Amino acid sequence: MLWELFWSFFKIGFISFGGGYAMIPVIEQEVLAHQWMTEAQYAEGVALAGMSPGPIATNSAVYVGYYTAGITGSVFATLGIILPSVIVIVLISAFFYKLHEHKQVKSAFYGLRPIIVALILFAAFRLAITNPVLREFSWDMMIMGLMILASFVGMLRYHMHPLTIILLSGLVGIAIYS
Amino acid sequence: MHRPLHQTGLKLLWQLFWSFIKISPMSFGGGYAMLPVIEREVMTYRGWVTSEEMSEVISISGATPGGIGVNAASFIGYKVMGWRGLVAAVAGIMLPTFIIVLGLGIFFSNMRDNPKVMGALQGIQMAVIALIAYAGVSMARSAIMDKMTAVVLLAGLTLLLFAGIHPILLIPLGIVMGIVIVKLKERFGLAVRFKKRNINSEGEHDYPNFYFGEGI
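For the record, the sequence lines run as chains R and W.
Under the working numbering, the first sequence has 129 at position 129, and the numbering climbs by one with no breaks.
Basically the working numbering = 1-based index in the second sequence + 1000.
These are calculated hints, taken from the structure and not from any lab test.
Take these hints with a grain of salt, some might be off.
Unchecked claim - Distance condition first, Cα-Cα at most 20 Å in a straight line; then the derived SDA-like pairs of lysine to any residue:
no., chain 1, residue 1, chain 2, residue 2
1, W, Lys1183, R, Ala108
2, R, Lys106, W, Leu1190
3, R, Lys103, W, Lys1116
4, W, Lys1147, W, Lys1116
5, R, Lys11, R, Ala40
6, W, Lys1116, R, Met141
7, W, Lys1183, R, Val105
As the list claims (entries may be wrong) - Taking CB as the label site, the calculated pair distances span:
no., chain 1, residue 1, chain 2, residue 2, range
8, W, Leu1184, R, His161, 18 to 28 Å
9, R, Ser138, W, Ser1055, 27 to 37 Å
10, W, Gly1047, R, Ile129, 17 to 27 Å
11, W, Arg1193, R, His161, 45 to 55 Å
Remember, it's a predicted structure, so these values are computed and weren't measured experimentally.
Don't be surprised by glycine CBs; every beta carbon is placed ideally from N, CA and C.
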């Protein structure tokens, strides 16, 4: 179990571009394939990962590891996801000094960046459709949908800090569900 | 280890660890937002890297897999004190966020029966969905620079939503598409741009304004 956790996140670590957001659907596939969590449980984990400092993929690894195999599990999952970036950085600083200025690398990123955008947008979509409240039509669903919209506009248009949005949403959630 | 660590070596290791521990809780979003903080600490305050090396840190951390913070910590730690420096810096940047996520995980798993806490979590989930969508849109601003990049984005979304492609397969596909498109553009004599706009810099490094998403 611990090695499976380590290995799953180790593989993901090598392709974890885009601040980790693009890895949300990739980690989900891995988690569902191993039956470590259900979709809804994973979505909760992503919410906790998203409200903490640090890249969301690494934070998700900490949570998935903890949920699956306790604190030891989270240590294995975290080491798994950060080791590849450490290895790549050391290799680059030792051998390929100006790799990022290489033309072929620039071409690769020209195609990779829009794909990363697609993965991130898909991640947001998946989290919305797997949320139990958003699944069926109800007043709660309408309110939650509005909250997503308001949060999005708050960040994009009014440049509100994400932490402010998270705090406000938590308070609205408490007000509605208790 | 047969060679005992020199007194100043231990001190330096501790400074690396401590510098990155201080930076870590500020790394909300994990993106470029933390680079100015790292620059101030390791370049201006500690003098561990030169301005030129810092530019290298920025471009390499952004272009390699993994969070920018972990990448920058590995790079700087390794430069300052080899493997031991790397371990100290990475441990520093990881420890606070690790403890925060773990603490939140433990807290929420023990509060399953509390309607207030579960209500808050439901609300936070909505905010995080918006936050991820916002990261996608911010990144699109720099990634979608011409018609072809827009086509690649639409192709990626179609494959994910309607063809049910495994998300991991999209990464190599994007790399191949990038190389092929640039080759084709050159063959037909079309202009190829790799950056949407050039930001000119005066002295200090320029960073994208967004909290996250910008850069890769």
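Practice item. Mind checking the hinted window 27 to 37 Å against the Cβ distance between Ser138 (chain R) and Ser1055 (chain W)? Key: Since Ser138 (chain R) and Ser1055 (chain W) have Cβ atoms about 53 Å apart, the given range 27 to 37 Å is violated.
- request: For Gly1047 (chain W) and Ile129 (chain R), compare the CB-CB distance with the range 17 to 27 Å and indicate the outcome.
  value: 51 Å, violated
Hinted pair, alpha-carbon criterion (20 Å max): Lys1183 (chain W), Val105 (chain R). Please report holds or violated.
With Cα atoms ~13 Å apart, Lys1183 (chain W) and Val105 (chain R) stay inside 20 Å; holds.
20 Å Cα cutoff - pair Lys1147 (chain W), Lys1116 (chain W): 48 Å, violated
- Message: Can you confirm whether the C-alpha distance between Lys11 (chain R) and Ala40 (chain R) stays at or below 20 Å?
- Response: 24 Å, violated
20 Å limit on alpha-carbon distance, applied to hinted pair Lys106 (chain R) and Leu1190 (chain W): 16 Å, holds
Taking 20 Å as the top limit, are the C-alpha atoms of Lys1116 (chain W) and Met141 (chain R) close enough? 18 Å, holds
Original post:
Is the straight-line distance between the alpha-carbon of Lys103 (chain R) and that of Lys1116 (chain W) 20 Å or less?
Top reply: 54 Å, violated
Notebook entry, point to check: Is it true that the C-beta distance of Arg1193 (chain W) to His161 (chain R) lies inside 45 to 55 Å, as the hint says?
Noted result: 32 Å, violated
Taking 20 Å as the top limit, are the C-alpha atoms of Lys1183 (chain W) and Ala108 (chain R) close enough?
11 Å, holds
Are Leu1184 (chain W) and His161 (chain R) spaced within 18 to 28 Å by their CB atoms? 42 Å, violated
Comparing the model with each numbered hint stated earlier shows that hints 3, 4, 5, 8, 9, 10, 11 do not hold.
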